[in-house]
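Colleague: Residues per chain, in single letters:
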Amino acid sequence: MGVIKKIQYNCREATYLIEKRQHVRLSVKERLHLVIHLSGCSVCRLFQQQSRMINRVVKGILKDRVEDERKLDEGVKREMQDRINERLR
Amino acid sequence: MGKIAVLDPRQWVGLHADYLYSYAIARLDDEEQARDLVQETFLAALERTGQFRGNSSERTWLTSILKHKIIDVYRKRNSGLADRGRLPAQRQADREPEQEFFEADNGHWKEAYAPQALGIENEDPLTNKELTTILQLCLKKLPALWLSVFTMKHMDEAATEMICDQLKLTPGNFWVIIHRAKLNLRACIQKAWM
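Line order of the protein sequences matches chains F and G. Going by my numbering, the first residue of the first sequence is number 1, and it counts up by one from there. Going by my numbering, the first residue of the second sequence is number 90, and it counts up by one from there.
No wet-lab data here; the hints were simulated from the structure. Treat the hints with caution; some may be incorrect.
[Unchecked claim] Pairs of lysine-lysine residues, derived as DSS-like cross-links and limited to a Cα-Cα distance of at most 30 Å, are as follows: (1) G:Lys229 - F:Lys77; (2) G:Lys165 - F:Lys63; (3) G:Lys229 - F:Lys63; (4) G:Lys257 - G:Lys230; (5) G:Lys230 - G:Lys280; (6) F:Lys63 - G:Lys280; (7) G:Lys280 - F:Lys20; (8) G:Lys280 - F:Lys59; (9) G:Lys199 - F:Lys20; (10) F:Lys29 - G:Lys199; (11) F:Lys59 - G:Lys165; (12) G:Lys156 - F:Lys63; (13) G:Lys218 - F:Lys59; (14) F:Lys6 - G:Lys199; (15) G:Lys165 - F:Lys77; (16) G:Lys218 - F:Lys71; (17) F:Lys20 - F:Lys63; (18) F:Lys59 - G:Lys230; (19) F:Lys29 - G:Lys257.
[Unchecked claim] Which bits of chain G does chain F cover? Going by a derived footprint, with three or more residues having C-beta under 8 Å, they are: (20) 96 to 102; (21) 130 to 143; (22) 210 to 216.
Cβ coordinates follow ideal geometry from the N, Cα and C atoms, glycine included.
Throw the hints in and build the complete structure from the sequences for me.
Modeller: Right under this line is the structure:
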């Protein structure tokens, strides 16, 4: 199998590069592989679209978690402060 | 002259406990563990009040101690200790999805695992409540190590080098994990969606 054919078949590599590209700049060789692959593979183009969609939703979910203000039980807090005070004595 | 912060441990719980608790829960998704870490953070802070320089606020200082404790939990979860609520034996596909999803010889998608259109690719995904709900469930199924990498990357936008350093991963491992996590999440969503 020729080099180009190998790249065209290799969806495992392409999806790996799709993930990497969302975080860092790819090397020239990596970019070339990805362009060659995606130009002929609609399944990986769909994967890329869905992958970006997932990242956006994950970020949204995690952002909601960060902004969620939770309160500790008052009894637990009293115990915590008691433990601190004990050590201050 | 800048204001120099001073420590007042008798006020710590009242002033910072809820904040620290929320911080820990967001990153650990475990109330009991978050509570324990807040207590440990206060006690550890008491031991090293001498190291407080007053150039950051009391809360920032306490949070930095808590951050280290959270990383410790991630490490323990990854080594299989303190792995509450997670199944010890994961399916093969959960550990090495690329073995299951792609042909071994040429890396082509196996037909049964090739992505299929969900029909929502052109919508704004953030307005889709159903997708958010499914994704939340799928996140819970990720192996602990992948979830901690994902959380650090997407929640705190931590640099890759820092995550690798703190979780003791090589950059190669890191990208493999990001790749596997995404393959699994995507497959999990498709399964629930279809």
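Colleague: Now look at each hint and say whether the structure bears it out.
Modeller: Against the structure, the hints come out as follows:
{"no.": "1", "hint": "G:Lys229 - F:Lys77", "verdict": "holds, 29 Å"}
{"no.": "2", "hint": "G:Lys165 - F:Lys63", "verdict": "holds, 25 Å"}
{"no.": "3", "hint": "G:Lys229 - F:Lys63", "verdict": "holds, 16 Å"}
{"no.": "4", "hint": "G:Lys257 - G:Lys230", "verdict": "holds, 22 Å"}
{"no.": "5", "hint": "G:Lys230 - G:Lys280", "verdict": "holds, 13 Å"}
{"no.": "6", "hint": "F:Lys63 - G:Lys280", "verdict": "holds, 25 Å"}
{"no.": "7", "hint": "G:Lys280 - F:Lys20", "verdict": "holds, 24 Å"}
{"no.": "8", "hint": "G:Lys280 - F:Lys59", "verdict": "holds, 21 Å"}
{"no.": "9", "hint": "G:Lys199 - F:Lys20", "verdict": "holds, 22 Å"}
{"no.": "10", "hint": "F:Lys29 - G:Lys199", "verdict": "holds, 26 Å"}
{"no.": "11", "hint": "F:Lys59 - G:Lys165", "verdict": "holds, 25 Å"}
{"no.": "12", "hint": "G:Lys156 - F:Lys63", "verdict": "holds, 17 Å"}
{"no.": "13", "hint": "G:Lys218 - F:Lys59", "verdict": "holds, 14 Å"}
{"no.": "14", "hint": "F:Lys6 - G:Lys199", "verdict": "holds, 16 Å"}
{"no.": "15", "hint": "G:Lys165 - F:Lys77", "verdict": "holds, 26 Å"}
{"no.": "16", "hint": "G:Lys218 - F:Lys71", "verdict": "holds, 26 Å"}
{"no.": "17", "hint": "F:Lys20 - F:Lys63", "verdict": "holds, 22 Å"}
{"no.": "18", "hint": "F:Lys59 - G:Lys230", "verdict": "holds, 17 Å"}
{"no.": "19", "hint": "F:Lys29 - G:Lys257", "verdict": "holds, 28 Å"}
{"no.": "20", "hint": "96 to 102", "verdict": "holds (count 4)"}
{"no.": "21", "hint": "130 to 143", "verdict": "holds (count 3)"}
{"no.": "22", "hint": "210 to 216", "verdict": "holds (count 3)"}
Going down the numbered hints, you'll see the structure goes against none, and every one checks out.
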